[in-house]
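2 protein chains.
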Amino acid sequence: MEIERKFTIKELPDLSNYEYKKLTQAYLNTDPVIRIRREDEKYILTYKGKGLLAREEHNLPLNAESFEHLLPKADGLVISKTRYLIPYEKYTIELDIFEGDLVPLIMAEVEFESEDEAHAFVPPSWFDKDVTQDKRYHNSNLSKGITPF
Amino acid sequence: MEIERKFTIKELPDLSNYEYKKLTQAYLNTDPVIRIRREDEKYILTYKGKGLLAREEHNLPLNAESFEHLLPKADGLVISKTRYLIPYEKYTIELDIFEGDLVPLIMAEVEFESEDEAHAFVPPSWFDKDVTQDKRYHNSNLSKGITPF
Numbered sequence: 029m030e031i032e033r034k035f036t037i038k039e040l041p042d043l044s045n046y047e048y049k050k051l052t053q054a055y056l057n058t059d060p061v062i063r064i065r066r067e068d069e070k071y072i073l074t075y076k077g078k079g080l081l082a083r084e085e086h087n088l089p090l091n092a093e094s095f096e097h098l099l100p101k102a103d104g105l106v107i108s109k110t111r112y113l114i115p116y117e118k119y120t121i122e123l124d125i126f127e128g129d130l131v132p133l134i135m136a137e138v139e140f141e142s143e144d145e146a147h148a149f150v151p152p153s154w155f156d157k158d159v160t161q162d163k164r165y166h167n168s169n170l171s172k173g174i175t176p177f
Numbered sequence: 029m030e031i032e033r034k035f036t037i038k039e040l041p042d043l044s045n046y047e048y049k050k051l052t053q054a055y056l057n058t059d060p061v062i063r064i065r066r067e068d069e070k071y072i073l074t075y076k077g078k079g080l081l082a083r084e085e086h087n088l089p090l091n092a093e094s095f096e097h098l099l100p101k102a103d104g105l106v107i108s109k110t111r112y113l114i115p116y117e118k119y120t121i122e123l124d125i126f127e128g129d130l131v132p133l134i135m136a137e138v139e140f141e142s143e144d145e146a147h148a149f150v151p152p153s154w155f156d157k158d159v160t161q162d163k164r165y166h167n168s169n170l171s172k173g174i175t176p177f
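From first to last, the protein sequence lines stand for chains A and B. Residue numbers for the first sequence follow my numbering, beginning at 29 and rising by one. Residue numbers for the second sequence follow my numbering, beginning at 29 and rising by one.
Hints in this document: simulated from the structure, not taken from any laboratory. Check each hint, because a few of them may be wrong.
[What the hints assert, rightly or not] Below, in silico cross-link-like pairs of lysine-lysine (DSS-like), each with a Cα-Cα straight-line distance of 25 Å or less:
1) A/LYS38 <-> A/LYS101
2) B/LYS101 <-> A/LYS70
3) B/LYS78 <-> A/LYS78
4) A/LYS78 <-> B/LYS70
5) A/LYS101 <-> B/LYS76
6) A/LYS76 <-> B/LYS70
7) B/LYS101 <-> A/LYS101
8) A/LYS38 <-> A/LYS49
9) A/LYS76 <-> B/LYS163
10) B/LYS118 <-> A/LYS101
[Unchecked claim] Stretch by stretch, here's where chain A covers chain B in the computed footprint (C-beta under 8 Å, at least three residues):
11) 47–61
12) 96–106
13) 119–125
[Said to hold, decoys possible] To be clear about the criterion: a stretch of chain A counts as covered by chain B if any three or more of its residues have a C-beta under 8 Å from a C-beta of chain B, and this derived list gives those stretches:
14) 29–35
15) 152–166
In this text, a Cβ means the ideal position worked out from N, Cα and C, and glycines have one as well.
Working from the sequences, and respecting the hints, build out all of it.
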């Protein structure tokens, strides 16, 4: 089970000291989500069940060959983004800066151990709206090219 | 982890009293195996890692819409077969009678709790060859249309 909240961003913090990864991902299916992702040199197949705050999630290893084989089968846009990992209290903020068709979208996600913890989370001042309940911000929906901004 | 042995068949037992399911399955990828399957009115996404006797396996729920959406993305043949469930000692023999392009193939699979149990299994007299180690009999390879018979 993945428990996370998603936010839009008011202003960017200084990112020069944070770790980041290059992500490329695309969707074979939206409901349930079947996603392929390249994360630097790692390849992953992800299945996500229903849900907004909490969702069943399985991450299974792929390799470069299978990623390349599956990519042409994907629907809609291939999403590219840089994900910064920003420590905040006991959490890690994942800040996604989208590229290509999805510029100027920037979003933050925070993952939690429990729903109680998720509800209790107080976001930093540079976060804007909580869009956890807004399906338009799911990457699987963003890949359809209908952007909420 | 799925631990199973596969066999070809010498002669068919009388099947009139056994339960059966209608299976339709196809492959989005072969290594790792990413399979979609319809099993009567149930839809499943299966991921299988490497291995012959023992393989990592994940079965995740799909629905009719996602199955229909993913089917055109599959490689090669769509495999249709009738699977009979035949009780044998403490096991269930899954006897697959293939249809369409894969006629006259008939195969049996038996699943085990451990590798020791798998090795100790004494097949019934109507089984023919043990093809567990022969990748050509993997359904993912059969779907490529190159049949070992």
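**Prompt:** Going straight from one Cα to the other, do A/LYS38 and A/LYS101 come out at no more than 25 Å?
**Reply:** 36 Å, violated
**Request:** Take a quick look at whether B/LYS101 and A/LYS101 sit within 25 Å of each other, Cα to Cα.
**Result:** Holds, at roughly 6 Å.
**Message:** For A/LYS38 and A/LYS49, compute the direct alpha-carbon distance and say whether it is at most 25 Å.
**Reply:** OK: A/LYS38 and A/LYS49 at ~22 Å, within 25 Å.
**Asked** Between A/LYS76 and B/LYS70, does the CA-CA distance stay at or below 25 Å?
**Response** Holds, because 18 Å separates the two Cα atoms, which is no more than 25 Å.
**Prompt:** Is it true that the CA of B/LYS78 sits at most 25 Å from the CA of A/LYS78?
**Reply:** 29 Å, violated
**Prompt:** When you check the alpha-carbon spacing of A/LYS78 and B/LYS70, does it fall within 25 Å?
**Reply:** Within the cut-off at roughly 17 Å; holds.
**Asked** Is the Cα-Cα distance between B/LYS118 and A/LYS101 25 Å or less?
**Response** 42 Å, violated
**Request:** Please work out if A/LYS76 and B/LYS163 have their alpha carbons no farther apart than 25 Å.
**Result:** 30 Å, violated
**Item:** Within 8 Å of chain A's CB atoms, at least three CB atoms from the segment 96–106 of chain B: coverage verdict
**Value:** holds (count 3)
**Message:** Under 8 Å between beta-carbons, do enough residues of the segment 119–125 of chain B, three at least, approach chain A for the coverage claim to hold?
**Reply:** Violated - the segment 119–125 of chain B has 0 residues with a Cβ nearer than 8 Å to chain A, which falls short of three.
**Message:** At least three residues with a C-beta closer than 8 Å to a C-beta of chain A: is that true for the segment 47–61 of chain B?
**Reply:** Answer holds; 4 residues pass the 8 Å Cβ test.
**Asked** Do three or more residues of the segment 29–35 of chain A come closer than 8 Å to chain B, measuring C-beta to C-beta?
**Response** violated (count 0)
Against the hints set out earlier in the document, violations occur for numbers 1, 3, 9, 10, 13, 14, 15.
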